[in-house]
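Chain order of the listed sequences is G and E.
Position 193 of the first sequence, counted from 1, bears residue number 192 in numbering that gives the first Met the number 0, the numbering being contiguous throughout.
Position 89 of the second sequence, counted from 1, bears residue number 88 in numbering that gives the first Met the number 0, the numbering being contiguous throughout.
What the hints contain is simulated information worked out from the structure, not anything from laboratory work.
We put the CB at the ideal spot given by N, CA and C, even for glycine.
Mixed in with the good hints there might be a few duds.
To be verified - Using C-beta positions, here's what the derived DEER-type ranges look like:
id, chain 1, residue 1, chain 2, residue 2, range
1, E, Leu257, G, Glu311, 28 to 34 Å
2, E, Ile25, G, Asp84, 31 to 37 Å
3, E, Ser258, G, Glu55, 37 to 43 Å
4, G, Ser236, E, Glu42, 36 to 42 Å
5, G, Ala209, E, Asp61, 26 to 32 Å
6, E, Thr133, G, Arg167, 18 to 24 Å
7, E, Asp61, G, Asp240, 45 to 51 Å
8, E, Gln219, G, Arg272, 21 to 27 Å
9, E, Glu270, G, Arg272, 39 to 45 Å
As the list claims (entries may be wrong) - Below 25 Å or equal to it, Euclidean Cα-Cα: the simulated DSS-like pairs (lysine-lysine) are:
id, chain 1, residue 1, chain 2, residue 2
10, E, Lys51, G, Lys118
11, G, Lys31, G, Lys91
12, E, Lys162, E, Lys131
13, G, Lys62, G, Lys31
14, E, Lys13, G, Lys62
15, E, Lys13, G, Lys91
16, G, Lys229, G, Lys62
17, G, Lys91, E, Lys131
18, G, Lys118, E, Lys131
19, G, Lys118, G, Lys91
Stated by the list, open to error - So, partial list: chain G residues that the calculated Cβ filter (under 7 Å) puts toward chain E:
id, residue
20, Asp93
21, Pro149
22, Asp166
23, Gln195
24, Ser236
25, Arg317
26, His327
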Amino acid sequence: MTTPAKKPPPPVEERLFSLVLALVATRIGLTKNEILQTVQGYSQRYVHSGDNENLERQFERDKDELRDLGVPLEVVDDHTGNNHDARYRISKDDYELPAGITFTPDEMTLLSLAAMVWKEGSLSADSRRAITKLRSLDLHPDEPIIGYAPQLRVRDSAFEPLQRAMDRYQVVSFDYVKPGATAPGRRTVEPLALVQHDGRWLLNGNDLEAGARRTFLLSRIVSPVRATGKSFPAPGSGHADRTIEELDALLRSNSAELRVTPGSDAQLRLSRRAEGTTADAESITVNYTDLALLADELAGYGPEVQVVAPDELQRAVRDRLLLVAEAHAEPGRPADLRGGATDG
Amino acid sequence: MADKPGQLLRASDKLTYLLTLVPYLIAQNRVSVTDAAEHFQVEPQQIRDWVKLIAISGIPGDTGQYLPDDLFDIVWDDFENNDQIVLTHRVAIEYTPKFSGKEAAALIAGLQYLSALPEQSDREAVASLMAKLTRGTSQTPSEVAVADTVHERDVPLIGDAVKRGLQIEFDYLSARGEHERRIVDPLRIDSTDNSWYLRAWCHLRESVRTFRLDRMSDVQLRDAPITRHAGEVVLPETLFDGSDEDVNVLLELPSTALSLIADFAPEPVGEADADGLVHVTIRAAGFHGLKRLVAGLSGVVRVVAPDEARTVVAEWASAGAAAYEGV
Chain G
0 MTTPAKKPPP PVEERLFSLV LALVATRIGL TKNEILQTVQ GYSQRYVHSG DNENLERQFE
60 RDKDELRDLG VPLEVVDDHT GNNHDARYRI SKDDYELPAG ITFTPDEMTL LSLAAMVWKE
120 GSLSADSRRA ITKLRSLDLH PDEPIIGYAP QLRVRDSAFE PLQRAMDRYQ VVSFDYVKPG
180 ATAPGRRTVE PLALVQHDGR WLLNGNDLEA GARRTFLLSR IVSPVRATGK SFPAPGSGHA
240 DRTIEELDAL LRSNSAELRV TPGSDAQLRL SRRAEGTTAD AESITVNYTD LALLADELAG
300 YGPEVQVVAP DELQRAVRDR LLLVAEAHAE PGRPADLRGG ATDG
Chain E
0 MADKPGQLLR ASDKLTYLLT LVPYLIAQNR VSVTDAAEHF QVEPQQIRDW VKLIAISGIP
60 GDTGQYLPDD LFDIVWDDFE NNDQIVLTHR VAIEYTPKFS GKEAAALIAG LQYLSALPEQ
120 SDREAVASLM AKLTRGTSQT PSEVAVADTV HERDVPLIGD AVKRGLQIEF DYLSARGEHE
180 RRIVDPLRID STDNSWYLRA WCHLRESVRT FRLDRMSDVQ LRDAPITRHA GEVVLPETLF
240 DGSDEDVNVL LELPSTALSL IADFAPEPVG EADADGLVHV TIRAAGFHGL KRLVAGLSGV
300 VRVVAPDEAR TVVAEWASAG AAAYEGV
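This is chain G alone, in the form it adopts within the complex:
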């Protein structure tokens, strides 16, 4: 297929910009054909009474791109059921920031700092775009909040595909290793919320096989996140806040009784998490959301911490330590568990 050799196609942003202007300006909306024939960036490539399949696909992608950027593209259907008669427009009221929304210099400072929290990934690009929009309000941030450099990380490669699927109500599947397990299992999930709790990113969603809502640790998703091609109805809002409330409640309801060695790392660091405990306490109680994760952490302290209760946690920590000892024993020699060795 050949494209007529007119002018070189204009840059993508020029085509998208022209599309937004044309759709904001129209009251009754423009049909796809009107757009392809007249709007800058499309019209140069439009072939009269010819095959415009590529251009039509381009328009479909551009629509997705605009929606992704939050441009409220409306489809006004004329009820003929014919896709070609659908009209597209952008309502100015939905597009523009309402005049009543203004930000004080203090708020602007806070928002700039909130945007800076994201140093990498798609959330960083999103927050930069938001700040660009705020700048057009001719706002100058007040004195920056000096003395702080806060940062949130999204290291889990599952985050971006999950957020994309969540925003588009798409069912995803992935391989997941349950905390405490070693072999992964396939999960098919309607993603509802992504939250960071206690420094870890978690996904909350409907697990379709289990037929129930479940929370997954992103760090334990061991396969790429795949879109299944199925979608689900818009699930309403408030899922992120609810997920955090549930995790907080879980945290309050689970507690472990520990004995720690005076002056040790374990005492210093664990005692900070225990409410109402002094830094020199030898018996402390900490709360947790996930027994397997706490067991991992406690195993790291080796002999500096001993689990008094619950029994299940005690066993989990001991099993982990035995596994580490075994993996690091001399080749061909079993781990010497009675050595009573101390800090090397």
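Start from chain G and add chain E according to the hints.
Positioned in the frame of chain G, the structure of chain E alone reads:
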């Protein structure tokens, strides 16, 4: 389709600049390219390119022909000779676009995280700001949230010392397991997720050091001004202070678990084997931290070399397990 890395602006970013530059230029009436570039924190040439593009853009109009009245216009003489932008004709848009659901979510989650700072303890102000952002969003904000689970009790005190330029002193349990009383000039509080750090000029070491807040105790404000200021010393990009005494340790782990040790900047050695196991080296400040790291990643990470490190880990784990004998 992954984000392109680096500073390259994507078409979607450029579109955002075009859509926000228009209301800005309308509000400014007249503005120099330099000022606009500084305001948006981009290169002046970038602004020139965008203004040129805006000036020839518009709407198809009733005729579908993009007639002059359907286009934006600027005072070209002022633009070309004086580097000044004056928008004289505008079409279609005049105000700032609303935030997208993802943009609002990124800011709201950022605000939730910042609410851990003592300066942001005014919950009502933060809540009203979040509500305002939500009203200014064209879609429902993405369901992304950050829980406020930071309980570092010393943040307010240290933050206060940074602001007032006062020294502090504290007991510090180093990554090597040594207890020392430190006197420092606090320069900046850094945080990464739920870990909090102080970047400070250490009087004992006479250099910039990074201290974990959860390894500090008995923090006291000193009645003495700091001797070094944030402006005069270079704060290293990395949070971890290397030292000549560091040892190289060779680890084996599944490649899928590499993110678990990303903080230790693992250097890969060779390719992954058939089972997906990779070998990496990390720099460790002695074995005090290493044995904790490895014991906390049971069934995942194995120390291969040096042999001394392997033995230390084995003894550490055995001693830990021994405490449960007969339980």
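Cross-check of the supplied hints:
The beta-carbon spacing between E:Leu257 and G:Glu311, approximately 30 Å, falls within the hinted interval of 28 to 34 Å. Taken as a hint, the range 31 to 37 Å holds for the pair E:Ile25 and G:Asp84, whose Cβ atoms sit roughly 36 Å apart. A hinted range of 37 to 43 Å holds for the C-beta pair E:Ser258 and G:Glu55, which are about 41 Å apart. Against the hinted window of 36 to 42 Å, the Cβ-Cβ separation of G:Ser236 and E:Glu42 comes to about 40 Å, which satisfies the hint.
For G:Ala209 paired with E:Asp61, a C-beta distance near 58 Å fails the hint of 26 to 32 Å. A hinted range of 18 to 24 Å holds for the C-beta pair E:Thr133 and G:Arg167, which are about 20 Å apart. Take E:Asp61 and G:Asp240: their Cβ atoms lie about 49 Å apart, and the range 45 to 51 Å holds. At about 23 Å, the beta-carbon gap between E:Gln219 and G:Arg272 stays in the expected band of 21 to 27 Å.
In this structure the supplied range 39 to 45 Å holds for E:Glu270 paired with G:Arg272, their Cβ-Cβ distance being about 40 Å. For the hint linking E:Lys51 to G:Lys118, the alpha-carbon distance of about 31 Å lies beyond 25 Å, and the restraint is violated. At roughly 20 Å between alpha-carbon atoms, G:Lys31 and G:Lys91 fall within 25 Å of each other, so this suggested pair holds. For the given pair, E:Lys162 sits about 30 Å from E:Lys131 by alpha-carbon distance, which is inconsistent with the 25 Å threshold.
A distance of roughly 11 Å separates the Cα atoms of G:Lys62 and G:Lys31; the hinted pair therefore holds under the 25 Å criterion. Restraint check for E:Lys13 and G:Lys62: the C-alpha separation of about 16 Å stays at or below 25 Å, so the hint holds. Our distance criterion of 25 Å between C-alpha atoms is met by E:Lys13 and G:Lys91, whose separation comes to about 21 Å. A threshold of 25 Å between alpha carbons decides the hint, and for G:Lys229 with G:Lys62 the separation of about 20 Å falls inside it, so the pair holds.
At most 25 Å may separate the alpha-carbon atoms for a hinted pair to count; G:Lys91 and E:Lys131 meet this at roughly 19 Å. Straight-line distance between C-alpha atoms of G:Lys118 and E:Lys131 comes to about 24 Å, which keeps the hinted pair within the 25 Å bound. The suggested pairing of G:Lys118 with G:Lys91 is violated, with an alpha-carbon distance near 33 Å, which exceeds 25 Å. The restraint placing G:Asp93 at the interface with chain E holds, with a minimum CB-CB distance near 6 Å, inside the 7 Å limit.
Hint status for G:Pro149 relative to chain E: holds, with the closest Cβ pair at about 5 Å, below 7 Å. Among the interface hints, the one on G:Asp166 holds; its C-beta lies about 6 Å from the nearest C-beta in chain E, closer than the 7 Å criterion. The interface hint given for G:Gln195 holds, since its Cβ lies 5 Å from the closest Cβ of chain E, which is under the 7 Å cut-off. Because the smallest distance between the Cβ of G:Ser236 and any Cβ of chain E comes to about 6 Å, under 7 Å, the interface hint for this residue holds.
Hint status for G:Arg317: holds, given a least beta-carbon distance of 4 Å to chain E, under 7 Å. With 7 Å as the threshold, the beta carbon of G:His327 comes within range of chain E, its nearest partner Cβ sitting at about 4 Å, so the hint holds.
Checked against the numbered hints given earlier, the structure breaks hints 5, 10, 12, 19 and satisfies all the rest.
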